[in-house]
Structures are given as C-alpha cells and as structure tokens.
Amino acid sequence: MSNIEHPLPHASFESLGYWEGTSRSELVLQRCCQIVQHRPRAICVNCLDASNLEYFIASGKGKIYTFTVTEQNQAKGFAKACPYVLAYVDLEEGSRILANIVDCDPYEVSIGAEVMVKFVAQERPDAESFAVPVFTLS
Amino acid sequence: MTGNQFPNNIAIAGVYEHESRFSPDKTEFQIMAECAKGALDDSGLTLADVDGLFGASMTMGMMGIVDLAEYLNIRPTHIDGSNIGGSSFVSHVSHAAAAINAGLCDVALVLYGSTAASNAMAIGTGGSSGSRNPETAFTVPYGMTTVGSYAMYANLHMDKYGTTSEQLAEIAVTMRHHASLNPLAKMRSPITVDDVLSSRLISSPLHLLDCCIISDGGGAVIVTSLERARDLRSKPIQILGCGEAVQHQGVGDTDLLTIAAKQSGNQAFTMAGLSRADIDLAMIYDSFTITVLATLENLGFCKAGEGGNFVTDGNIGLNGTLPVNPDGGGLSSNHPGMRGIFLVIEAVKQLRGECGDRQLSNPETALAHGTGGTIGDKHSGATLILGVTQ
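Sequences listed follow chains A and B, in order. Each residue of the first sequence is one higher than the one before, starting from 788 at the first, in this note's numbering. Each residue of the second sequence is one higher than the one before, starting from 332 at the first, in this note's numbering.
These aren't lab readings, by the way, just hints derived from the structure by calculation. All figures in this text were calculated on a predicted structure; none of them were measured in a lab. Any given hint could turn out to be false.
To be verified - Looking from chain A toward chain B, a few residues come up when the C-beta cut is under 10 Å (computed): (1) S810; (2) S812; (3) V815; (4) I822; (5) N839; (6) A874; (7) R883; (8) N887.
Yeah, the Cβ is synthetic: ideal placement off N, Cα and C, and Gly gets one too.
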C-alpha cells in the first residue's frame, strides 16, 4: 500500500472527461489525427480543432519509461510517504503518463518494468471525490 | 532569425555579483538596487543613463518589472519582465541586445535579486502540495519535486548509456574545487567522490551533494552598443550569438534526454559562426550534477551518452579542454533560486581577466547556458556566446 495522500487536482472543462473516467476506474485518453494525446486538451494539437477529438478507454497497461525513488519531499501528503516512486509510464496505446508506482519495495522498480493502472479514490476537503490513477508492477 | 549573424555591434559594459550569500536584513529589490549600483560603477555609467530595464525574480508578480522601475525611480523606454525560470537573465541579455540593435533603448540594465536562503525556501524538495492550476493537475497529485524531475532524467541516462553516480559525483567535486578558489563562494571545503556518494539520497540516483546549494544573492548586467562600451570604464565583452528554446512533454511522446540546450545551442553557434572547439569557457547552469552532463551533451561538447567520460577525463576543470563554472557554480558558490545571471557575470569577468586565483589563461570566447524549470518535465533553455573584442 502507498501512504501518499495525493493532493487532488481541480478539473477544468478540458480535463473533465479524464477525471470522470478515473472515478469509474477507467483511464480515458484522447485521440485525433492518429495522435494519442495526454494531458487532455480541448483541441487536437495537430489540427487545433475539437470536432474530431475522440475519447477512448486505455487498457491501463504500460512500461516504466523512467523513475526516481523520492527520499525527501516536505510537501503535505508526501513528507510521511517517503520513500515513494515517481515514474513516467509509457502506455500500451501510446502517450506517457506521470504517476506513482505503488504496492512494492521502491528499490525493486526498474526501467522497462511492466505495470498496470489502479485507481486510488480520495475525498477533497470540499467533499468532491477524485480517483487518482497510479500503477503497480505486473 | 535562426542562421542569421548576430548584430556585431552590442557589448556587455558592466557586471556585478552581490557578495552576500545570506542577507536576512535585505529585500529582493534592495539587493537588485545594490547590484545595479555595482554594475553601473563597473561601467562608469549612472542610473540616469539606463533606458532599458530587464528583470525577473522568484516573487515578482505580474507587473513586477513596473514595481522595480518605481523602486529604482526610473522611467525606461523599454521594459522586459519575462520570466522563463532560472535562464531568464541569459535570455534578457539577448533580448536587450536585440532591443538596442533595434533602437528601442541605449543602455539596458538586467537585474536579479533573491532572499531564497533567508526565507528558508524549499526550492528543490517541496512546494507541490496542491494547486488549482489545470497545467499542474497531472503532476501535483504525484509529488514531482524539482530534484525528482532531474533524477528521472539521470536514471534514464544511466539506463541507456551506463552513466554512473561516480561520474556525476565528479562534477560536484570539480565545482567544489573551483569554489575553493573563489573567496565569495558559500561552500569552499574540498569534497571527494566518496563524500558525494555517501551523502544521503534526496531522490534516487541524486544525493545531497549532487544538488545545488540555496543562498541569497543577486546580480546585474549592463548591455549597450559596442561603440558606447568602448568609451566606458571596463573592457567591453561582445555578444556573438544567442538562442532560446523550450522543451516539454508534448502529448506524451518526448525524448526526455533531448533538452532545450540542443536547439538554443545550435542557434547560438550558427549565429556566432563558431564551432564547439572555439569555446574557451562554458558557464553551465548546474542545478544538479546531471544538469551539467545533460547540457554538455545537448550543446554538442560531447556526443550523447559520452558525458560521463567527458566529465571524468578532466575536461571540465580549470586546466581542461572546456573549463566549466570556474566560480564554483550553483553546486558550491551560490544559488539564490534563479542562477542565470551569474553565468553571464562570471563569463564576462573571466573574459576580462579579473578572476584572481580561479582566472583561466586568456580566454577569448565563453558560452553561457541557462536552464529554467526542470528537464524531466518542462523547461526553457537560453544560450549566449560572448567574446573579447578585436
């Protein structure tokens, strides 16, 4: 188990589809012009248009592109969780996502390791609930 | 502008590095004003001559450059408060050169001041405890620190090229040796590779001594026409080329190991009409040891993946083929939050031959490269190439 208390994001209308997806335990990505794009935007970065922007549910499978074991972070939610793993995960469908790798010995994590998404639901002080995607070693 | 020759009529006429490393009794603007006086005295100009004002800081707000003009009680004809992180001041110098060349101002004053240390700012290992900014909604939940972002770059470089922690440590050891020759440097006691490796891990693979220090401080640079600079007090240092670039995560498809320095460096070298071998001194923003290695590779001083051997083969020492940061850099001399201005100041002082025990033997060309932001997330790069006048 990770004991990170994730500071919860504030969704904008551009990212609502993503965060609504995570609350259903789905990793929702955008695709247009044969490009998978993350982070989500209101437009496709290739055609600068919204009309053909498609949302799809990713498998949640990926590989670790790179990572670090954070031993020091004074920020609230992380100070007591050190050491924790911060990583970029290359998703099976394309694009890359920053996340934590949880439920493992941080020093067992390696570049290229296969991982699978899971969702950590937390409540924000304003009672809004958010689920944050993290990954576990497969 | 890429590929064009830089206007050959602009020079740096004055520089000043604030001597303090801890100034709990001063404000940012006060430090900037003291630096302005230092650089004006260095050049022989006065505040009344300044008609271009450039500056940025960790705390200046949206109209901060206007606040600064009021504090100094000046009414310049050209202002530029652009803030692209620690590289801002390197880019301010090139913006100033362009503005002078275009006739928008005659004497540009570039300023930085900071009380990062006396305010006990946790610059590298904190500050991500929440944000309403949608730009950070995909990083803030995961606790990405500044050092963590650079550490992810380092791990990737190690995995791809076999770069080692010992090689990174050699950079910290070299910077500390340089600092030992700099009377103003904050950390002057020699260290060894073992000292770096046995210092505690902050974010793997980076140890405490792989990280820059935090200090107070500030600096000033005065840019004017070469013609005017020739009549002033100090030896003019000509601006030969410049470049700016950004690197970011795109749509999640970026090669993390390619940093902004690659684009900005190529542009600056093309403008200057110089090759890498022509550079006598490199001032490289050393927020972390890995930043130096990444920047040297991306600027083309060695091939991608060869940075580890380059820094351990003695190249970056004072007697090396490419001396890096003779002042001791941010790793050992000073790092008041945004370090770009000191890259320019030390380059100018070295080219003038004013650096005492750490003075290089008659350098004629210098490169300064600033990185702003973090190379594992998004960042700016600004490169300047400077030279003594003929």
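Hint check against the structure, violated hint numbers in rising order:
1, 2, 3 and 5
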